[in-house]
Amino acid sequence: MVKILKFDEVELGDDLPTETPDVSMARVTNFCHSAKHVFERFIDHEAAKKEGFPAAIVPGIMSQGLLAAMIHRWAPNSSIQSIDTVFRGSLLVDSHITMTGAVTDIDDSTMSVELDLAITAEDGRTGVIGTAKLQFSA
Amino acid sequence: MDQANSAQNLASVRDDWVGVEFDWATFEMNTDDMIAWAEACGETDPRFTDAEHPDFQAHPGFTTHCMSGRVLPENFPQIGGGFGIDGGKKVDVHAPIRPGDTLNATTTIADIFDKTGRSGTMIFIVQRMEFRNDRSELVSTVDWKMIKKAD
Numbered sequence: 000m001v002k003i004l005k006f007d008e009v010e011l012g013d014d015l016p017t018e019t020p021d022v023s024m025a026r027v028t029n030f031c032h033s034a035k036h037v038f039e040r041f042i043d044h045e046a047a048k049k050e051g052f053p054a055a056i057v058p059g060i061m062s063q064g065l066l067a068a069m070i071h072r073w074a075p076n077s078s079i080q081s082i083d084t085v086f087r088g089s090l091l092v093d094s095h096i097t098m099t100g101a102v103t104d105i106d107d108s109t110m111s112v113e114l115d116l117a118i119t120a121e122d123g124r125t126g127v128i129g130t131a132k133l134q135f136s137a
Numbered sequence: 000m001d002q003a004n005s006a007q008n009l010a011s012v013r014d015d016w017v018g019v020e021f022d023w024a025t026f027e028m029n030t031d032d033m034i035a036w037a038e039a040c041g042e043t044d045p046r047f048t049d050a051e052h053p054d055f056q057a058h059p060g061f062t063t064h065c066m067s068g069r070v071l072p073e074n075f076p077q078i079g080g081g082f083g084i085d086g087g088k089k090v091d092v093h094a095p096i097r098p099g100d101t102l103n104a105t106t107t108i109a110d111i112f113d114k115t116g117r118s119g120t121m122i123f124i125v126q127r128m129e130f131r132n133d134r135s136e137l138v139s140t141v142d143w144k145m146i147k148k149a150d
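Chains as they are written, first to last, in numbering that gives the first Met the number 0: chain S, 0 to 137; chain Z, 0 to 150.
Everything labelled a hint here was simulated from the structure, so no lab data went into it. A hint or two may mislead.
[To be verified] Pairs of lysine-lysine, DSSO-like flavour, derived with a Cα cap of 27 Å:
1) Lys148(Z) x Lys49(S)
2) Lys48(S) x Lys132(S)
3) Lys49(S) x Lys147(Z)
4) Lys35(S) x Lys48(S)
5) Lys49(S) x Lys35(S)
6) Lys132(S) x Lys148(Z)
7) Lys35(S) x Lys147(Z)
8) Lys114(Z) x Lys48(S)
9) Lys147(Z) x Lys5(S)
10) Lys147(Z) x Lys114(Z)
11) Lys132(S) x Lys5(S)
The structure displayed is predicted, hence computed values, not measured ones.
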């Protein structure tokens, strides 16, 4: 797996390694408890269907956390300064989702990097898009 | 309401409400929740999963779960239809959040605007929560975009 350990190793246009995060019911339920965000549409498929969803859905704030973890694996010596995510569509619990990212800007003067981010649902829909800004230390 | 009146109404709501502070809350940061959150997100960096790490801190988006008591200010006008949907969140990390920190959050209306696309005109109401630690240092800002369909 590609890891960026120093600012000088980042190139404009670099892709982050694609990841398929765990959004199993057990994992999402753990997240909901840690977030005090326990709603049936996140942790019960049948209850979510009654609300009109195809199945239980991944909380938007968890999808943002999944992207942050992906960034930390790619650049473990960086710090996220900001992360901005737009929730475009549902990501289903117990499904296969894919996270991607790419470097869109590099600022040598501040040793910071900007990324575009996305999460794609199992059926190919874009569930989340976003951006992040990272700071590297000298 | 025709489009011109609707735009005028939205401009008026924006003038009256953007910048209004309407909720205040306090949140205690504890180690177990910080680690559980990071691990559930698949985090592997020990800065966020190991309480013994010298730089142990909350995951960047940890404050997004700190819900304000009110979604909108008292007497906020009814604009758009329905209750609104969660359009996304932006987090600015200003400083690390450590276990044991008590965060004081203030909530304001940061912006109100509309956009027109294939689904018609949508109204965006941006609620901003600013979190300060015990030393009054700004540690996190969370912007939450509530989206409502225009009438």
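Here's how the hints hold up against the structure:
With a C-alpha separation of about 23 Å, the suggested pair Lys148(Z) and Lys49(S) falls inside the 27 Å cut-off, and the hint holds. Restraint check for Lys48(S) and Lys132(S): not satisfied, since their Cα atoms lie roughly 36 Å apart, outside the 27 Å limit. Distance check on the hinted pair: Lys49(S) and Lys147(Z) sit about 22 Å apart at the alpha-carbon level, within 27 Å; holds. Between Lys35(S) and Lys48(S), the direct Cα distance comes to roughly 22 Å. Compliance with the 27 Å bound is thereby established for this hinted pair.
For the proposed pair Lys49(S) and Lys35(S), the alpha carbon gap of about 22 Å is at most 27 Å, so the pair holds. A distance of roughly 30 Å separates the Cα atoms of Lys132(S) and Lys148(Z); the hinted pair therefore is violated under the 27 Å criterion. As the CA atoms of Lys35(S) and Lys147(Z) are separated by approximately 25 Å, the hinted pair is consistent with the 27 Å bound. Distance restraint check for Lys114(Z) and Lys48(S): the Cα-Cα separation of roughly 30 Å exceeds the 27 Å cut-off, and the hinted pair is therefore not satisfied.
Using a Cα cut-off of 27 Å, the hinted pair Lys147(Z) and Lys5(S) is violated, with the two alpha carbons roughly 43 Å apart. Note on Lys147(Z) and Lys114(Z): the hinted pairing holds, with a Cα-Cα distance of about 11 Å set against a maximum of 27 Å. For the hint pairing Lys132(S) with Lys5(S), the CA-to-CA distance comes to about 15 Å; that is within 27 Å, so the pair holds.
Checked against the numbered hints above, the structure breaks hints 2, 6, 8, 9 and satisfies the rest.
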